[in-house]
Amino acid sequence: MSLNLNTLSKLFDRGDQPGSRTLPFVVVLLVVMVFASISNLTFPTDSMFYVTTYTITLLGKYLCFAILALSVDVIWGYCGILSLGHGAFFALGGYAMGMYLMRQIGDRGVYGNADLPDFMVFLNWDQLPWFWQGMDQFWIAMIMVALVPGLLAFVFGWLAFRSRVTGVYLSIITQALTYALLLSFFRNEMGFGGNNGLTDFKDILGFNLQEDSTRIALFVITSLTLIFVLLLSRAILNSRFGKVIVAVRDSEDRARFIGYRTERYKVWLFVYSAIIAGVAGALYVPQVGIINPGEFSPISSIEIVIWVAIGGRGTLIGAILGALLVNYAKTRFTAVLPEVWLFALGALFVLVTLYLPKGLMGFVEQMKARKLQSKQRNMQELPS
Amino acid sequence: MSILTDTLENTQDAMRRDQVWSFLQAKETPIDVSKQILLYIEGLSVSFDGFKALNDLNLYIKEGELRCLIGANGAGKTTLMDVITGKTKCDEGAVYFGQSLNLLEKDEAEIAQLGIGRKFQKPTVFEAHTVMDNLELSLKTNKGVIATLFASLSTIEIERMDEILETIGLKENRMMLAGSLSHGQKQWLEIGMLLAAEPRLLLIDEPVAGMTAQETERTAELLTSLAGDHTVVVVEHDMEFVRSIARTVTVLHQGSVLAEGSMDEVQNNADVRQVYLGEEEA
Chain F
7 MSLNLNTLSK
17 LFDRGDQPGS
27 RTLPFVVVLL
37 VVMVFASISN
47 LTFPTDSMFY
57 VTTYTITLLG
67 KYLCFAILAL
77 SVDVIWGYCG
87 ILSLGHGAFF
97 ALGGYAMGMY
107 LMRQIGDRGV
117 YGNADLPDFM
127 VFLNWDQLPW
137 FWQGMDQFWI
147 AMIMVALVPG
157 LLAFVFGWLA
167 FRSRVTGVYL
177 SIITQALTYA
187 LLLSFFRNEM
197 GFGGNNGLTD
207 FKDILGFNLQ
217 EDSTRIALFV
227 ITSLTLIFVL
237 LLSRAILNSR
247 FGKVIVAVRD
257 SEDRARFIGY
267 RTERYKVWLF
277 VYSAIIAGVA
287 GALYVPQVGI
297 INPGEFSPIS
307 SIEIVIWVAI
317 GGRGTLIGAI
327 LGALLVNYAK
337 TRFTAVLPEV
347 WLFALGALFV
357 LVTLYLPKGL
367 MGFVEQMKAR
377 KLQSKQRNMQ
387 ELPS
Chain W
10 MSILTDTLEN
20 TQDAMRRDQV
30 WSFLQAKETP
40 IDVSKQILLY
50 IEGLSVSFDG
60 FKALNDLNLY
70 IKEGELRCLI
80 GANGAGKTTL
90 MDVITGKTKC
100 DEGAVYFGQS
110 LNLLEKDEAE
120 IAQLGIGRKF
130 QKPTVFEAHT
140 VMDNLELSLK
150 TNKGVIATLF
160 ASLSTIEIER
170 MDEILETIGL
180 KENRMMLAGS
190 LSHGQKQWLE
200 IGMLLAAEPR
210 LLLIDEPVAG
220 MTAQETERTA
230 ELLTSLAGDH
240 TVVVVEHDME
250 FVRSIARTVT
260 VLHQGSVLAE
270 GSMDEVQNNA
280 DVRQVYLGEE
290 EA
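Chains as they are written, first to last, in this note's numbering: chain F, 7 to 390; chain W, 10 to 291.
Just to be clear, a hint being listed does not mean it is correct.
Said to hold, decoys possible - Listed below are the simulated DSSO-like cross-link pairs for lysine-lysine, each with C-alpha atoms no more than 30 Å apart in a straight line:
| id | chain 1 | residue 1 | chain 2 | residue 2 |
| --- | --- | --- | --- | --- |
| 1 | W | K180 | F | K374 |
| 2 | W | K149 | W | K61 |
| 3 | F | K381 | W | K180 |
| 4 | W | K61 | W | K96 |
| 5 | W | K61 | W | K115 |
| 6 | W | K131 | W | K180 |
| 7 | F | K364 | F | K374 |
| 8 | W | K98 | W | K71 |
| 9 | F | K67 | F | K208 |
| 10 | W | K131 | W | K149 |
| 11 | F | K364 | W | K131 |
| 12 | F | K377 | W | K180 |
For the record, the hints were derived by calculation from the structure and aren't laboratory data.
Go ahead and model the full structure; you've got the sequences and the hints to work with.
Pasting the structure below:
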């Protein structure tokens, strides 16, 4: 009987669960990655196959947003935690990377001070603040990229989830969190460059950031990171842990009464999500060349939620596609009609919420589910 | 001489190869039922904004019995379950599971892990999960975060789930999403989830609400068969149903126990006739 059951469950294995269609997506992403990189490096600039470095960097930026969207989808789509402050974790990861890149400038800054970044010289500081110590080491910076967002998420999540703050109240607190960080990072005394942020980066690990090859390497690393995060999230959500997460989303009380400490599950998922967001930020900064407090603005956090809603929450691929589509549209729109963009985005959000409550992927999912159901009926008719 | 043999025996005992040392064994929380009583509720009072939902309530549930709680709306039945399962904090009183475990100190998850399962009034299942996943989540396993992350189903567990599916009659629907089940089937699935957790004590709130006559009959059979191995407490409005399963009935009124006994005794009790059945006749 158990054998029978195993084969049966394998047949239906997650047809409609997280990560179906992952493989085709990964293949497409890899093909695009290889094609874009090769065309940029090998074809002459006037060839029709040539992909400009600008495009490569743009793609890399989109992929960073895709990772960020994935991190929001993991908690919102699967656990029902609507974070309106995920930009904060993204920005913290970005700042950690930015600090490393600042230290890499060395004495090539405007003031030529080998120890202090320009803005500190400008502020008449005579030594590095304690939290800048060690940030010239790549590995320390990389640890910080994960540690700072993770720690903040842990403390925040522990306090919020333990007190059973849920729903719209939680969303408002996350919004307040990112706003508080926005205000503090604007201050010069914080030691993160005030409203100018960190910029004018020269190189990373000794490679010039302006070089095509460095840009391509960053793009490739971003693509691979996206794939890795996608597969990891899929594995996590398909495990029993993931099932508990979805159970918490649908009926937290029930989950508690069968013996799960739901707040712990939520905290750890939140930490995971924050770390991914931080990594996305760290990949974003060397590609766009700047990080400033604007990334903490509540609006940009809300924008992430819109990407996920449009792509389809609760489907990992949906979040990624949503981020890619909306950001592509943004690039196009803001070039032609910059003042219309925000209205267009708002309208898109309203329309999707009204007519495609589960986003683009939800629509596809529905079609698939219908097919699956008829298949399931056929399966049950088979003698077991 | 005897000291020597004692020491030898002790050493031999400590070195036995077929046993691990006691401090290496997983700590099983002992539920002491040497007095044949599984659940002690004494002097329990709960008030919400001055309204006394429970008022100095005393109730003892014997190991293995099937107890029905009846009472008008607002008599405190659901509040009582909330206190037992850790959802509501009480103002006064004591709730002990066995002789030594104080339930008032524990949270919902801990109480559930001790072996107290609860079925809600409204069927609550995980709608986005399949029937199988619902059962898998309810299995009596380690419910810590790390353990869950790397958990996989063992053959024994799959067989156990099969058994439960058979009992609750959802064998055909195992791969269906719980959200697409009928109301009665959801009620059954929830009972199945309770069974999967292998609880000592089952608290069942209105199990037959919204069930057809046939389903009600099957539920009655199931609950009666569960008593003995498990201790079952049922809250129900359907008197017909209570009559069909009850051995001991407790009548609650305004947050305390009004009468206790067999169905006939309770029905002939003057107080009960006055406040409960009397109102119905009028």
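Against the structure, the hints come out as follows:
1. W:K180 with F:K374: Measuring from Cα to Cα gives roughly 24 Å; hence the hint holds.
2. W:K149 with W:K61: Not satisfied, since the Cα-Cα distance of roughly 36 Å exceeds 30 Å.
3. F:K381 with W:K180: holds (18 Å)
4. W:K61 with W:K96: holds (17 Å)
5. W:K61 with W:K115: holds (23 Å)
6. W:K131 with W:K180: Satisfied, since the Cα-Cα distance of roughly 23 Å is no more than 30 Å.
7. F:K364 with F:K374: holds (14 Å)
8. W:K98 with W:K71: Holds - the C-alpha atoms of W:K71 and W:K98 are around 24 Å apart, at most 30 Å.
9. F:K67 with F:K208: holds (18 Å)
10. W:K131 with W:K149: holds (23 Å)
11. F:K364 with W:K131: Measuring from Cα to Cα gives roughly 26 Å; hence the hint holds.
12. F:K377 with W:K180: holds (22 Å)
In this structure, the one hint that does not hold is number 2.
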